[in-house]
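Chemist: This is what each chain is made of:
Number of protein chains: 2
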Amino acid sequence: MERKALLIVGDGMADRSIRELNGKTPLEYAYTPNMDRLAREGVCGLRSPLEPGLAAESDVANLALLGFDPMKNYLGRGVFEALGLGIKLKEGELAFRVNLATIKDGIIVDRRAGRFNWDKDEIVEALNRIEVKGAEFSFYPGVEHRGVLIVRGKRLSKWITGNDPHRTGVPPLGIRPRRNGEDELRTSKLISEFLEKAHKTLSKLEINERRIKQGLLPANFLLIRGPGVYREIEKFEERYGIKGCVVCGFPMVRGVCVAVGLDPIYVEGAIGGINTNYIGKAEAVVKCLKSYDFIYLHFKAPDTASHEGDYEGKVRVIERIDEAIGRIIDSISLDEVVISITADHATPISVRDHTGDLVPFLLYSSEIVKDDVKAFSERWAYKGGWHRIGARDLVNILLNYAVKPSFVEF
Amino acid sequence: MERKALLIVGDGMADRSIRELNGKTPLEYAYTPNMDRLAREGVCGLRSPLEPGLAAESDVANLALLGFDPMKNYLGRGVFEALGLGIKLKEGELAFRVNLATIKDGIIVDRRAGRFNWDKDEIVEALNRIEVKGAEFSFYPGVEHRGVLIVRGKRLSKWITGNDPHRTGVPPLGIRPRRNGEDELRTSKLISEFLEKAHKTLSKLEINERRIKQGLLPANFLLIRGPGVYREIEKFEERYGIKGCVVCGFPMVRGVCVAVGLDPIYVEGAIGGINTNYIGKAEAVVKCLKSYDFIYLHFKAPDTASHEGDYEGKVRVIERIDEAIGRIIDSISLDEVVISITADHATPISVRDHTGDLVPFLLYSSEIVKDDVKAFSERWAYKGGWHRIGARDLVNILLNYAVKPSFVEF
Numbered sequence: 001m002e003r004k005a006l007l008i009v010g011d012g013m014a015d016r017s018i019r020e021l022n023g024k025t026p027l028e029y030a031y032t033p034n035m036d037r038l039a040r041e042g043v044c045g046l047r048s049p050l051e052p053g054l055a056a057e058s059d060v061a062n063l064a065l066l067g068f069d070p071m072k073n074y075l076g077r078g079v080f081e082a083l084g085l086g087i088k089l090k091e092g093e094l095a096f097r098v099n100l101a102t103i104k105d106g107i108i109v110d111r112r113a114g115r116f117n118w119d120k121d122e123i124v125e126a127l128n129r130i131e132v133k134g135a136e137f138s139f140y141p142g143v144e145h146r147g148v149l150i151v152r153g154k155r156l157s158k159w160i161t162g163n164d165p166h167r168t169g170v171p172p173l174g175i176r177p178r179r180n181g182e183d184e185l186r187t188s189k190l191i192s193e194f195l196e197k198a199h200k201t202l203s204k205l206e207i208n209e210r211r212i213k214q215g216l217l218p219a220n221f222l223l224i225r226g227p228g229v230y231r232e233i234e235k236f237e238e239r240y241g242i243k244g245c246v247v248c249g250f251p252m253v254r255g256v257c258v259a260v261g262l263d264p265i266y267v268e269g270a271i272g273g274i275n276t277n278y279i280g281k282a283e284a285v286v287k288c289l290k291s292y293d294f295i296y297l298h299f300k301a302p303d304t305a306s307h308e309g310d311y312e313g314k315v316r317v318i319e320r321i322d323e324a325i326g327r328i329i330d331s332i333s334l335d336e337v338v339i340s341i342t343a344d345h346a347t348p349i350s351v352r353d354h355t356g357d358l359v360p361f362l363l364y365s366s367e368i369v370k371d372d373v374k375a376f377s378e379r380w381a382y383k384g385g386w387h388r389i390g391a392r393d394l395v396n397i398l399l400n401y402a403v404k405p406s407f408v409e410f
Numbered sequence: 001m002e003r004k005a006l007l008i009v010g011d012g013m014a015d016r017s018i019r020e021l022n023g024k025t026p027l028e029y030a031y032t033p034n035m036d037r038l039a040r041e042g043v044c045g046l047r048s049p050l051e052p053g054l055a056a057e058s059d060v061a062n063l064a065l066l067g068f069d070p071m072k073n074y075l076g077r078g079v080f081e082a083l084g085l086g087i088k089l090k091e092g093e094l095a096f097r098v099n100l101a102t103i104k105d106g107i108i109v110d111r112r113a114g115r116f117n118w119d120k121d122e123i124v125e126a127l128n129r130i131e132v133k134g135a136e137f138s139f140y141p142g143v144e145h146r147g148v149l150i151v152r153g154k155r156l157s158k159w160i161t162g163n164d165p166h167r168t169g170v171p172p173l174g175i176r177p178r179r180n181g182e183d184e185l186r187t188s189k190l191i192s193e194f195l196e197k198a199h200k201t202l203s204k205l206e207i208n209e210r211r212i213k214q215g216l217l218p219a220n221f222l223l224i225r226g227p228g229v230y231r232e233i234e235k236f237e238e239r240y241g242i243k244g245c246v247v248c249g250f251p252m253v254r255g256v257c258v259a260v261g262l263d264p265i266y267v268e269g270a271i272g273g274i275n276t277n278y279i280g281k282a283e284a285v286v287k288c289l290k291s292y293d294f295i296y297l298h299f300k301a302p303d304t305a306s307h308e309g310d311y312e313g314k315v316r317v318i319e320r321i322d323e324a325i326g327r328i329i330d331s332i333s334l335d336e337v338v339i340s341i342t343a344d345h346a347t348p349i350s351v352r353d354h355t356g357d358l359v360p361f362l363l364y365s366s367e368i369v370k371d372d373v374k375a376f377s378e379r380w381a382y383k384g385g386w387h388r389i390g391a392r393d394l395v396n397i398l399l400n401y402a403v404k405p406s407f408v409e410f
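Sequences listed follow chains W and A, in order.
The working numbering puts the first residue of the first sequence at 1, with every later residue one more than the last.
The working numbering puts the first residue of the second sequence at 1, with every later residue one more than the last.
So here's chain W without its partners, still in its complex pose (with noise of 0.2 Å):
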């Protein structure tokens, strides 16, 4: 019998030893009764993000964990979150990630324009209307002070440096060829360009003046980083001969999907944070379950958390994503779905950013062997039946339950 295959990940979900929670990680201290169960009733492993030790940003991790080798798939972040913002790219258009900043007397004062949380109409306008001769720049709003820029034009590459230095005080970088060539010198001169209009531009915008007048912190600059050109990679369907779907409020893992051919799915009030719409994501899987044959679901509530340091947080929304799990599971027929649970990477509380630690994973389906596993967690996947697999094993595996095998042709 063929079923459908579904991946749900909590986005830096695996964590490490807390004192704070009597020395249990958050996933341990959450009461999840409907991933202990799956856990329970289906089988166990551990994967690491991509080698093991080794760190990940969560587009190279989701690509690995989709399947797909980030060397060779691998488009960069800016690429990425364009697509997840819905952005049609074209063969050789370069994509940055924007972020909104206040500069004053040449120095970052905010890397996030006082995160940035009021209306962009205006500055999407001005942006737009700047020209620079040899490119065509068009800058798109994402959540509060997120961007991307896209820059059209012949030979652009995509071996240039961004300009944000990821800390405050210091004048941002000036943006530099990263190979030696003439297409990387034109770029960065044509970026350097119009990166010096628009905070000229920026700085003179009514809004701007008001904000100061106000004491607030304006958007008069752009830090842009991540750059990519954007090409057609391999695709799910061609990969696994299915087609999926993602639902997912992030835009950057968003993006990443949209490269591999999954469909978007938008669900109103999920827009990638702490307070997404979980039971609305869940209701959306639901639905999905009905068109597509692989749904990725994704959140990234527990990494937000994490990168705040908020352990207490984190639990509360691993309580929430297993609250959506439970939805999904009580609307559906067990034997009609192979489920496969896990963390695109840990981002332990301590550390508050990306590790390579090892992260858990579950899979169920109604046949499948089962271990001695009692709950979902990085300790108890220390005795899964499965044991490690590598970063790109996991949809290879849960396909294998779900849809008729495919032979590897030689």
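Please keep in mind that the hints were generated in silico from the structure rather than gathered at the bench.
All values reported here derive from a predicted model rather than from experimental measurement.
Even glycine gets a Cβ: it sits at the ideal position worked out from N, Cα and C.
Hints should not be assumed to be uniformly reliable.
[What the hints assert, rightly or not] Only pairs whose alpha carbons sit at most 30 Å apart, straight line, appear in this in silico DSS-like list of lysine-lysine:
| hint | chain 1 | residue 1 | chain 2 | residue 2 |
| --- | --- | --- | --- | --- |
| 1 | W | Lys404 | A | Lys24 |
| 2 | W | Lys88 | W | Lys235 |
| 3 | A | Lys383 | W | Lys4 |
| 4 | A | Lys383 | W | Lys383 |
| 5 | W | Lys370 | A | Lys370 |
| 6 | W | Lys374 | A | Lys370 |
| 7 | W | Lys383 | A | Lys72 |
| 8 | A | Lys133 | W | Lys370 |
| 9 | W | Lys374 | A | Lys72 |
| 10 | W | Lys235 | A | Lys72 |
[Said to hold, decoys possible] Covered stretches of chain A (in silico footprint by chain W; criterion: 3 or more residues with CB under 8 Å from a CB of chain W, positions within the stretch not fixed):
| hint | segment |
| --- | --- |
| 11 | 55-66 |
| 12 | 315-328 |
| 13 | 348-355 |
| 14 | 374-383 |
| 15 | 392-405 |
Using the hints, position chain A against chain W.
Modeler: Structure of chain A alone, referenced to chain W:
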């Protein structure tokens, strides 16, 4: 002390949790005191047929199991079947696996001519009289409807399609080049001409006319697949430094073993089916242990039962394999032999085809450090001391405990 090495494989023996067997797998449900004893007194682990989650055909799976890289050593099913039938092939000869089939008004009625079990002499003779300018064709009969077609000629290519659509109610496929070359085109034409002549010749055969009158299906068409061109590949003795033999009734797997230089041992009544001569094979193994350092004992029966979806039959053949293993270990000194038992791949009853599930293996030697495993099964193997090994590791591990270790040269 040097020991002999015995590798015992139940084809497709691994399975999933089966509701009708109280959630057990056939291997768990079957009464297998001998395998359980070896597991209890040895060490267990898990392996994949190829890569985690990926399924493999038996020829590919057995190449990997014997330690050979299928990417480098795969010769095509036709070649392996031919070698398995004892046909001597020369470099450059092209071989196909053949089904004697029934066609009516251009449509395939039965891919096996009524599961052919009548005399084939007249058919063989007629086919071998067919002349095609530019190549020489020979048909060799196998068990039941099976056979092999060898093409001898200059610059024959394996990059052509077969004509078997793998279903009835449709016409056979045309033979087409799979690469854009002169050799591919010429080879396709030669084969097409032979197949046309074969159809005409078979249609006129007295034996077929007689069958039609009796309301039986005639064997009037050749369905061919799995083209391969013979060449020498790496040999077991070169690779491992010892001589080995194979006790296997199933031509394709025997052919893989012959291709890597294992001597085929023929046992009366062992023709690769459910009712093979289990005890005869066990006795052959005991005899071979006197003259060979490595013996590969293969049972096709569990795979056959699995493809038929017959879980009771699968339990029964596993019990008969266990009896055969009992006969072996009762006839030898366990101090002198290292034994490994595994499946080349899983063929779950629910899927009725090969899958990429993990398969268990055991390793017995009187001096091996035991783990806590109490029986030989998919579930117990989760707890095996060897955890998970790569698809091609088992023979190295087995020989490590048997003969003097061979050091990798640098």
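Chemist: Next step is simple, just say for each hint if it's right about the structure.
Modeler: Taking the hints in turn, this is what the structure says about them:
Between the alpha carbons of lysine 404 of chain W and lysine 24 of chain A the distance comes to roughly 22 Å, so the proposed pair stays at or under 30 Å and holds. Of the supplied pair hints, the one linking lysine 88 of chain W and lysine 235 of chain W holds, its CA atoms being roughly 16 Å apart against a limit of 30 Å. Under the criterion of a C-alpha separation no larger than 30 Å, the hint pairing lysine 383 of chain A with lysine 4 of chain W is consistent with the structure, at around 29 Å. Under the criterion of a C-alpha separation no larger than 30 Å, the hint pairing lysine 383 of chain A with lysine 383 of chain W is consistent with the structure, at around 8 Å.
The suggested pairing of lysine 370 of chain W with lysine 370 of chain A holds, with an alpha-carbon distance near 23 Å, which does not exceed 30 Å. Between lysine 374 of chain W and lysine 370 of chain A the alpha-carbon distance is near 26 Å, which keeps this suggested pair within the 30 Å criterion. A hinted pair counts as satisfied when its Cα atoms are at most 30 Å apart, and lysine 383 of chain W with lysine 72 of chain A does not qualify at roughly 36 Å. For the hint linking lysine 133 of chain A to lysine 370 of chain W, the alpha-carbon distance of about 60 Å lies beyond 30 Å, and the restraint is violated.
Under the criterion of a C-alpha separation no larger than 30 Å, the hint pairing lysine 374 of chain W with lysine 72 of chain A is inconsistent with the structure, at around 43 Å. Between lysine 235 of chain W and lysine 72 of chain A the CA atoms are separated by roughly 27 Å; this keeps the pair inside 30 Å, and the hint holds. A count of 4 residues in the segment 55-66 of chain A with a Cβ less than 8 Å from any Cβ of chain W is obtained; the coverage claim is therefore met, three being the minimum. For a cut-off of 8 Å, the count of residues in the segment 315-328 of chain A with a CB near a CB of chain W stands at 0, and the three-residue condition is violated.
With a threshold of 8 Å between beta carbons, the proposed coverage of the segment 348-355 of chain A by chain W holds, since 6 of its residues qualify and at least three are required. By the rule of at least three residues with a Cβ nearer than 8 Å to a Cβ of chain W, the coverage given for the segment 374-383 of chain A holds, with 4 such residues. For the segment 392-405 of chain A, the proposed coverage by chain W is not satisfied: 0 residues have a C-beta within less than 8 Å of a C-beta in that chain, short of the threshold of three.
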